[in-house]
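**Student:** Given two chains presented individually in distinct reference frames, assemble the corresponding complex, making use of the accompanying hints.
For the record, the sequence lines run as chains A and B. Residue numbers for the first sequence follow our numbering, beginning at 1 and rising by one. Residue numbers for the second sequence follow our numbering, beginning at 1 and rising by one.
No wet-lab data here; the hints were simulated from the structure. Mixed in with the good hints, there may be bad ones.
What the hints assert, rightly or not - Quick list of the computed label-pair ranges, beta carbon to beta carbon:
#, chain 1, residue 1, chain 2, residue 2, range
1, A, Asn79, B, Tyr30, 37 to 45 Å
2, B, Ser58, A, Arg63, 40 to 48 Å
3, A, Gly16, B, Glu76, 31 to 39 Å
4, A, Asp70, B, Asn2, 47 to 55 Å
5, A, Glu53, B, Leu13, 38 to 46 Å
6, B, Thr71, A, Val96, 22 to 30 Å
7, B, Ser14, A, Gln14, 41 to 49 Å
8, B, Thr108, A, Gln14, 34 to 42 Å
9, A, Lys44, B, Leu46, 37 to 45 Å
Claimed, not checked - Cut-off 30 Å, straight-line C-alpha distance, at most; resulting in silico cross-link-like pairs (DSSO-like, lysine-lysine):
#, chain 1, residue 1, chain 2, residue 2
10, A, Lys44, B, Lys52
11, A, Lys19, B, Lys52
12, A, Lys22, A, Lys71
Cβ coordinates follow ideal geometry from the N, Cα and C atoms, glycine included.
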Amino acid sequence: DTAVSQTPKYLVTQMGNDKSIKCEQNLGHDTMYWYKQDSKKFLKIMFSYNNKELIINETVPNRFSPKSPDKAHLNLHINSLELGDSAVYFCASSQVLGASTDTQYFGPGTRLTVL
Amino acid sequence: GNSVTQMEGPVTLSEEAFLTINCTYTATGYPSLFWYVQYPGEGLQLLLKATKADDKGSNKGFEATYRKETTSFHLEKGSVQVSDSAVYFCALNVGANNLFFGTGTRLTVIP
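Here chain B stands alone, though its shape is the one from the complex (with noise of 0.2 Å):
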């Protein structure tokens, strides 16, 4: 089946500090993956995605690399902010009609 696992949070970090959230994944056929991330009562936004093995995906500092021989897609950030304080989800789509998600981390970055 179909499924994405992201460790458990809830993350706390220093202002500057490395970020990695990590995400494995299960999937039938060749799966794009996704990092979104919801601020506080907010919706989610789409950070970053990789639709083949060994894209990159980057947007605002956060990077992931699409490992298909890990199955994994492991978020990074080389220096947090306060401001990154949200919840992340990992996600796969394999062209079905839905996203799978990840159960979501939370990061609390603090100054």
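Pulled out of the complex, with its shape left as it was, chain A reads as follows (with noise of 0.2 Å):
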């Protein structure tokens, strides 16, 4: 019944590494989001993905990546990861993109520690 799933829900790793955390919703939407909460639970987004447009926040550095196989999922792909890239990383679903009154669905959120 889970609306958005994340695994893993801990993922430790070392300095260096490629990973990848996956995100799947089963509410239908068009719209899947990638945001990153850091130590002091500020929330910030990374990327909103549907199936004709990705939008990237351009000061996320592009060793990060979102791969979407199909509308219900958008994975997140990080190459060569760095002390810095540790943080929860929470995925999200939206109906639409670009609607204001559009209500976003969290996953559980991947804490991502990087060693």
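**Tutor:** Written out as structure tokens, the structure is:
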């Protein structure tokens, strides 16, 4: 019944490694997002994506790349992990792209720790 | 630009106390406003929202009114419970591609 799910919940890895976080939504939504929550709980958008358009936050390093095999999935791939990438990453989805009234539904988060 | 300012936490209250968490915003266009809650170890859940001026969002005893004249969306609850302990985020959406979040306010309710 989980609307937005993410795996893994926890991810501990070494600097320099490449890792992926998976996200799936069963809400039939057209748009998915990735947010990063830092150690002070501040949330910032990384990407938004629907089947037509990828919007990248320009502050996101190009080591981060979203990959969407289909409308229900948006995975986050990270190359050459750095210590500063340690954070909680949240996936979210909404019905449409660009509608201010639309509610975003969030996954449970993936806590990434880079050693 | 678009931004949200929330009162600094943490906030500690006794059970049954009155809660206010202040939120003000700046926005281009006409935003919708949201309160999300993050319980310990969990993801964000929508608590309530309002999509136009003077709308009141409410859920689980929480309320917030969209005040365009003061650009505010303060969260209130008349009587908090221990189970309300969480981090509360105010957010806005102007029809761009993402939510703009405040910094979050941690609420702890003690018995």
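**Student:** In ascending order, which of the hints set out earlier in this document are inconsistent with the structure?
**Tutor:** 3, 4, 9, 11
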